[in-house]
Amino acid sequence: MKRRQRKRQRPSERKRKDDKDRLSDLPDGVLLHIMHFMNTKNAVRTCVLSKRWKDLWKGLSHFVLHSKDFISLSRFKIFVYWALIRRDQPFNMHSLDFSRHGCIDRTFLYLLMRCAMQHKVQSLTLNINLVNDFELLHCIFKCQSLTFLKISVQSITRMMVRCPKSLGLMALKTLHLSNVNFTETYNDCADPFSNCKVLNTLVIDHCVLRRGTRVLRISNATLSSLTILDTLEPAHKIDLDTPNLCSLTIRTDPIHQLSTCNLPFLDELNITCRYTNMPNDPFIFTWLQLLGTNVRIMTLCSRTIEIINNLSTNDSTKIQPPCFARLKALKVYRYQYTRLSSEGMRRAVAYLLQNSPKPKVDIIYDKK
54 MKRRQRKRQR
64 PSERKRKDDK
74 DRLSDLPDGV
84 LLHIMHFMNT
94 KNAVRTCVLS
104 KRWKDLWKGL
114 SHFVLHSKDF
124 ISLSRFKIFV
134 YWALIRRDQP
144 FNMHSLDFSR
154 HGCIDRTFLY
164 LLMRCAMQHK
174 VQSLTLNINL
184 VNDFELLHCI
194 FKCQSLTFLK
204 ISVQSITRMM
214 VRCPKSLGLM
224 ALKTLHLSNV
234 NFTETYNDCA
244 DPFSNCKVLN
254 TLVIDHCVLR
264 RGTRVLRISN
274 ATLSSLTILD
284 TLEPAHKIDL
294 DTPNLCSLTI
304 RTDPIHQLST
314 CNLPFLDELN
324 ITCRYTNMPN
334 DPFIFTWLQL
344 LGTNVRIMTL
354 CSRTIEIINN
364 LSTNDSTKIQ
374 PPCFARLKAL
384 KVYRYQYTRL
394 SSEGMRRAVA
404 YLLQNSPKPK
414 VDIIYDKK
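Going by the numbering used here, the first residue of the sequence shown is number 54, and it counts up by one from there.
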């Protein structure tokens, strides 16, 4: 009887044996592709699985190094030195995603960036903390292999990180800058993006102008998508020279002076107003007149609609809204904290669109 049971188990045992390490039979390229979805710490850990895996991680070209994945910052630093900076064999680096909590040592950052530049990194994401006034490493902005760059800098003293006057990244297509200062390029004006010859997407988040600089000029002939989030102080001016811009998102206090070139291709406009002390100032119509002439899709928030409603009911400030001749769809995000009733919101939307063809209107309830 026991012998018969053993015979019955053998096919199952053989199946388990056949399936035991089927993953290791995959080609190196497939395994490396799978490892690219892991953080680098876990990818390196696979070296203990078997001889097949011992050196496989060394073929990685995508590196994700986050200090939160380590029990201490000292161990994180040792790992980065071992895995990247002090490696004794050549390797490829297509992308580097580096994030470190706590204030980073400048020498360590310099060595890491030099390593990335030497290996012609194409995609670089930096999320770091700093204590003192600091100018972003020039070697980053001299790296001609970069096509994607995202820098987010937190500082104990707010907005103390300086960006170079001009970014000469000839291959860069996507740029995301958070918490940096722009420095005067000429005549009280910061014009940092004009030398990025193939830039397609730009995001600037919580950025300011250094003392004495009054104008942020975004001048770029290839830029298609622009996002400006909580950036600049009220007295500063934004000047757009972006003739091929297709999509524009602005989330800020809409009280900045704004000037633009002709924007014939601007198809999508998203404006989110923050709080303002001037609820009856027609600045929003000034912005819409400049930006909304050619748009097909417009997205506004309930705060913006509240301002428009105030203008529509105040005889002293009541003005004719612009004509949105090509508008096909209007989306309004109604936040839960809005004080305007649903009827008031519909009335304000009707007032805004009175000189325009009737687009599709969606009021979306947002719980934020």
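Some clues are possibly wrong.
[Unchecked claim] In silico lysine to aspartate or glutamate, EDC-like type, Cα no more than 20 Å apart, as pairs:
hint : residue 1 : residue 2
1    : Lys381    : Asp320
2    : Lys413    : Glu321
3    : Lys290    : Asp320
4    : Lys203    : Asp283
[Unchecked claim] Beta-carbon label-pair distances, calculated as ranges:
hint : residue 1 : residue 2 : range
5    : Met223    : Asn95     : 33 to 39 Å
6    : Cys299    : Arg167    : 44 to 50 Å
7    : Ile417    : His89     : 18 to 24 Å
8    : Ser312    : Trp106    : 30 to 36 Å
9    : Asn95     : Gly155    : 47 to 53 Å
What the hints contain is simulated information worked out from the structure, not anything from laboratory work.
A virtual CB, placed ideally from N, CA and C, is assigned to each residue, including glycine.
Here's how the hints hold up against the structure:
1. Lys381 <-> Asp320: With a Cα-Cα distance of about 10 Å, the restraint between Lys381 and Asp320 holds, given a limit of 20 Å.
2. Lys413 <-> Glu321: Judged against 20 Å, a Cα distance of about 14 Å means the pair holds.
3. Lys290 <-> Asp320: violated (23 Å)
4. Lys203 <-> Asp283: holds (17 Å)
5. Met223 <-> Asn95: 33 to 39 Å: holds (35 Å)
6. Cys299 <-> Arg167: 44 to 50 Å: violated (37 Å)
7. Ile417 <-> His89: 18 to 24 Å: violated (36 Å)
8. Ser312 <-> Trp106: 30 to 36 Å: violated (59 Å)
9. Asn95 <-> Gly155: 47 to 53 Å: violated (22 Å)
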